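Trainee: This is what each chain is made of:
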Amino acid sequence: MNFMERKAEFERYLDSGNLSLATRRAMDLALDYQQLQSHLEAVTEVRAEYNRLRGLGQGELDGTQKQKITDGLQPFCAELTSVKGEVGELPHQQPIVVAEGRNLVKRYRQGGHHFELGPIDLSLRSGEITGVVGENGNGKTTLLRIFAGETSADEGWPEYPGMVGDALTPYQIKQQVAFIPQRLRPWHGTLLQNLKYAAANKGFHGEANEQRVNFVVHRLGLTRFQHLGWKQLSSGYKLRFELARMVVWRPRLLVLDEPIANLDLNAQQQFLQDLVHLAASIRYPMGIVLSSQQLHQIEAVSEQIVFLRNGKPLFAGATKNVGSDRASNTFQVGGSFSLENLLQATQGLPEIRVEESGTNFTVHTATAVNGRQLLETLFAARLEVTFFRDISFSTRQLLAQTL
Amino acid sequence: MRLFKKLFPPALQRINDRMLVNQPWLWALSPLQHVWGILILNVVLAVLALLAPLSINEVPNIEALWSYLFVLQVAYFCFWIFWQVLFNPQRQFARRFSLQAPAEFLLHFVGILLLLSISYTPTLVMRWRIDQLVEDQEWVSDWNDLLAVGFLHDRSDYWDVYPSAEHFLNGFHNNRLAYETEELQTQVRVLENRVEYFSDTNQFEYQGTAREVKVPVYNPDSVRYYKEKLRGIFQRYPRYTDSYADRSIYDTASPFKTALTHEELKAYQVAWLKQDAKQQVAAIGKYLEVVKKYYFDHGFGPEEVNGLFLEYYDQLRSKSNAGNGFANLYGAAEIRHVEAQGVEFRRNQVRDEYDNLRAIFKAKKWNHFPFRMEMVHVFAIVIFLMANLIFLFRQVRWQWFLAAIGVSLALVILATVFLVYFKVHKEGLAACWQLLIAMGVVSVMVYLGWSTRFHLKSASTAAIMLFACLPYLLLIFQFLADEQFDVYDERKYVRQKTAIKDQFLPQSRSSGFEYPSEVAQELDRLTELHRAHRDWIESLYWYALYVGMLLYWFGGTVFTKRLLDRFRALPAAK
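Quick mapping for you: the protein sequence lines, in order, are chains A and B.
According to the working numbering, the first sequence is numbered sequentially starting from 282.
According to the working numbering, the second sequence is numbered sequentially starting from 69.
Calculated from the structure, these hints are not laboratory results.
Quick caveat, the model's predicted, so the values are computed rather than measured.
Careful: at least some of the hints might be erroneous.
Said to hold, decoys possible - Restricting the straight-line Cα-Cα distance to at most 25 Å, the calculated cross-link-like pairs of lysine-lysine (BS3-like) are:
no.	chain 1	residue 1	chain 2	residue 2
1	B	K360	B	K432
2	B	K346	B	K360
3	A	K288	A	K347
4	B	K432	B	K354
5	A	K512	B	K432
6	B	K346	A	K512
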């Protein structure tokens, strides 16, 4: 996304009254673009105020409060109109590939059986999100742990060309890789103290430390909770604080194992949206790889995706290429009708095949049949469709094949 | 914890906050909280020590007080370690600077050193208060008065003179001879020997009966106990003075000695024997006054002492005169030769009436544990070891650390079994070889770990063991020197000395022989040479320790940190 697109995005959020996104994107813009950096502190304070006001009410701001936030953003908006979008001198050369593994193989015993993960080829690029999906026990966590340097591969060896350092030692690599496991370890002390400590450990000292921690706390909507202890947080906020503790020191690679498993739908969307924005920072881009069972949410934010089944990558590549070599189109359909009704309604479509999958039906058709045609067919047959999803370009179709 | 936070001064908190964002490695060691916590503890304990009840007949033992406070010290130490585990920069693969390892190590060392004050401050306050209870000269005088009679209570094994057979028999008939079975049996055994030697028919009867004696036991806090005890003094102690050279009584010029040599005790003995009945009873009077002052009001007044014991003493003396021949017969034989001149006399029983005086003595004496100068060495080594263990613990995963402790213990047990099985007596050489072999093995394991691309638990465990031992590596030279000296000692010194001895000394006698002057000089020279070598080797022990520790601190810690950081960062194999 170039500057003009980002600017337009911000203005759209502001005009539509979506102050949550407007304040967040304002902070991102101020961080990335040299001419806006003088506003970073101010927009961070506006965002903090927004978070505080949200905390006072029931999550929604009234008109006066909205106006206050909008007014607070005005100086930034005024500056934005005069900016052409110069990034300025970047602190380091943006690498394309942060980490790369070729023919990665890992063997271990699982449930009394020998399990082999791989061989897998995978490149993790800065500014991009890579999703690793698949059923339980298919090697997602192991693959992530290999890239995080937590466990070794039996064959192949991940390289880290995007990391900073002359002759990279394991310690230097680990200094630039952040790993958030599925089960979070409890923190001790206040949350703010931990964030400052994490940032200081990675070289953000003095004023820079305060600024960086402030930015992350308010950017991730943690203003109201920063002085609390770990036990006082819900699991959703624990995850956000764990994310804050990692991104506060700007890792080059962020590895997250099943991060959204315990989040509600809104929290999932906000969390993933934040990941997209953090990864795509122009000044401080980072590569993100995460595993999840939530295929659609992950696909929505990932540039590339790996689908694992029994340790083998059924698909590994750009998300946009999922289903490009499919033999059929696949749809998920649900409603108050029976399998017979559905079969009867779709019998005219070419290469039609219907399967019951739990509460819904999976409909396979020839690639010539698209979603619109299928829906029209169903409506023509007066079927009451309550659920419909085209998964022809989703890894969901690969999962459907395993059911 | 919350109370502690509330008590933490805002000024220190501000410094602490600045430290958090500027020097997180230092902040993680919580130096300000540590110093503040120790300061508070010191003040609280010092106040408690100042307010604690104290009287001349209830004096706490300084050593015991120090030891109890040591438990508190250990508890605080555990808390301090726990805090350091919570915030460990190594766990976050933090940025480091080149001299961070020695700096961290030094802080661990100083931190533990500060912990020691928890034991020392209240102990110092208490010893000051105890010191104020009695003037030095008064203590010396009381101590002498106590010992002038009190020494008679001690086990007869330590004395040059045994109670005479006559008084033993006398005491036996009165059934008030002794208070301890062991003591009585010792006397009987002595009697048996003498009887056999002189074949006096009268003795056999008593020997047979003596074994059936029921020994009375009295409560030491009762008046009766003292009556029996003092009665026993006259029963047990004859007035033979012929065999002893005169010696001045306990030297008051160098006070505060409670560990008396045999010779010193003999001085009391001689002084006692030289006194007439009135003087002895007067001494008993003083003794009882000291007992009353420092320990227990037994109820004896000076008149009572005179009346009770002088009368009894006269009766006893008349009996003794009646059996004069009998007594003379045993007199010479009962002088036991003392082979080890100047051997330190150690009491094996703590007598209540000595306790408070001893406690006061310990408070007055600066070179007593825990204030001895030798403790500086001991603490330096122990604190260094502890600092190193904390240092290592923070660099590694706790599972590896526990594994290293487990493996070390197993190795010690194995080595002990090996040494016992093969009856290895040369401890120095055996330890030297063990250390070399162990370090060789762990070095190979560490190298294997270093050369792999992934982390091996065995290499980490070996590294912890290696680095825990590394500061003491130079001790090998001390072991070798010690061993070499033993060889020298055995082959040369002893052989020469024996040859000189053999030349002049009859085989049947080993002591009490006067050497010709030139032989004595040669023996003295050899003894001095031997002693000088021994001193040099002992000093080598300290040099090896301190040089090894310093080298490890300056260079070893940097290398250790680098290696263990690598192990920590490497992915785990399998």
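Trainee: Find the hints from earlier in the document that the structure breaks and name them by number, from lowest to highest.
Mentor: 5, 6
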